[in-house]
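**Student:** Here the protein sequences line up with chains F and W, keeping their order. So for the first sequence, this note's numbering puts the first residue at 1; every next one is plus one. So for the second sequence, this note's numbering puts the first residue at 178; every next one is plus one.
Calculated directly from the structure, the hints in this document are not laboratory data. It cannot be assumed that every hint is accurate.
Computed cross-link-like contacts, DSSO-like style, restricted to lysine-lysine with a CA-CA straight-line distance of at most 27 Å [unchecked claim]: (1) 203(W) - 25(F); (2) 163(F) - 262(W); (3) 25(F) - 89(F); (4) 89(F) - 262(W); (5) 89(F) - 203(W); (6) 203(W) - 262(W).
Just a few of them, taken from the derived set where beta-carbon distance is under 7 Å, the chain W residues facing chain F [what the hints assert, rightly or not]: (7) 197; (8) 211; (9) 212; (10) 216; (11) 253.
Ideal Cβ positions, reconstructed from N, Cα and C, are used throughout, including at glycine.
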Amino acid sequence: MFETIAFYTFSFLTILAFAITVTTKNVLYAMSSLAGGMIIISGMFFLLNADFLGVVQIIVYTGAVIALYAFAMIFFDSTKDIVETKTGKTFFILTVLSSVMLVLILTIPMASGQVEALYPIHEGVGNAQDVGMVLFTKYLVPFEVAAVMLLVAMIGGIIMAGKKMDKNLTEIKENEE
Amino acid sequence: MITLEHYIVLSTILFAIGMYGVVVRKNLLMLFFSTEIMLNAVNIALAAISNHYGDLTGQMFAFFIIAIAASEVAIGLGLLIIWYKRHGSIDLETLQSMKG
């Protein structure tokens, strides 16, 4: 009963927040509603008995990704409106149809029942412990590769955002040419 | 009673919202936001299927998707800042240089 109420509340709030994100003109409103939607999605993960994933969702998405967007918006003039030319029902219907098709193609093999649990969830063991057991045995190499990828992304972000931070790149380009 | 289908339908709706944002919006920052929405929709579907079968593999994939999303944001925002410094705009139309 509570699961049903929680599911419908969370899904309604998530859809509302993300609909505001893609339709609003103001970038700040879009970012705030995106952060709210991310937090509500973590509630969905708690409903699905994926506690560790829910905590990671709050920490990484709302803590790191949204904070990164907020700091990056210092560099942009977000008060200037960008004129949206493509609107209308045609795009909406086309995207809905194509995404339904994509989701069906990808999930029907998984949902058809021909799946056996490769790494089953253990009874009486916490989700974080269970995840740790699988992550540090079966998925150790992908985990380390992901760590290297995050390091490379961090170095790339620092180099690209911090390059000649005190100068205007447009003037530099014109002087070179 | 909430079944797997409910979560799949929710994931489809969120994916459609994200895809609509990617197709329609002209602001490059909005394109990043819509991509995050699509990644989150996929994460919900993976966690739901993981719960349905009692298998941890779906959650593992969701973790790696989160790691990839974080690095994508770092690199993408760096590129976007360089683009804004050079052109003074984050309009998608300014990316068209071939006038095709």
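**Student:** Take the hints in turn and mark each one as holding or not.
**Tutor:** Hint check:
For the given pair, residue 203(W) sits about 11 Å from residue 25(F) by alpha-carbon distance, which is consistent with the 27 Å threshold. The hinted pair formed by residue 163(F) and residue 262(W) meets the criterion: a straight-line CA distance of about 11 Å does not exceed 27 Å. With a CA separation close to 18 Å, the supplied pair residue 25(F) and residue 89(F) stays within the 27 Å bound. Among the hinted pairs, residue 89(F) with residue 262(W) is inconsistent with the structure: their alpha-carbon atoms are about 35 Å apart, more than 27 Å.
Of the supplied pair hints, the one linking residue 89(F) and residue 203(W) holds, its CA atoms being roughly 17 Å apart against a limit of 27 Å. A hinted pair counts as satisfied when its Cα atoms are at most 27 Å apart, and residue 203(W) with residue 262(W) qualifies at roughly 18 Å. A least Cβ separation of about 5 Å between residue 197(W) and chain F falls short of the 7 Å threshold, and the interface hint therefore holds. The interface hint given for residue 211(W) is met, as the beta carbon of that residue sits about 6 Å from the closest beta carbon of chain F, less than 7 Å.
For residue 212(W), the suggested interface contact is broken, since its CB lies about 11 Å from the closest CB of chain F, more than 7 Å. Checking residue 216(W) against chain F by beta carbon gives a least distance of about 9 Å; that is not within 7 Å, so the hint is violated. With a cut of 7 Å, the hint placing residue 253(W) at the interface with chain F is violated, because the nearest CB-to-CB distance is about 9 Å.
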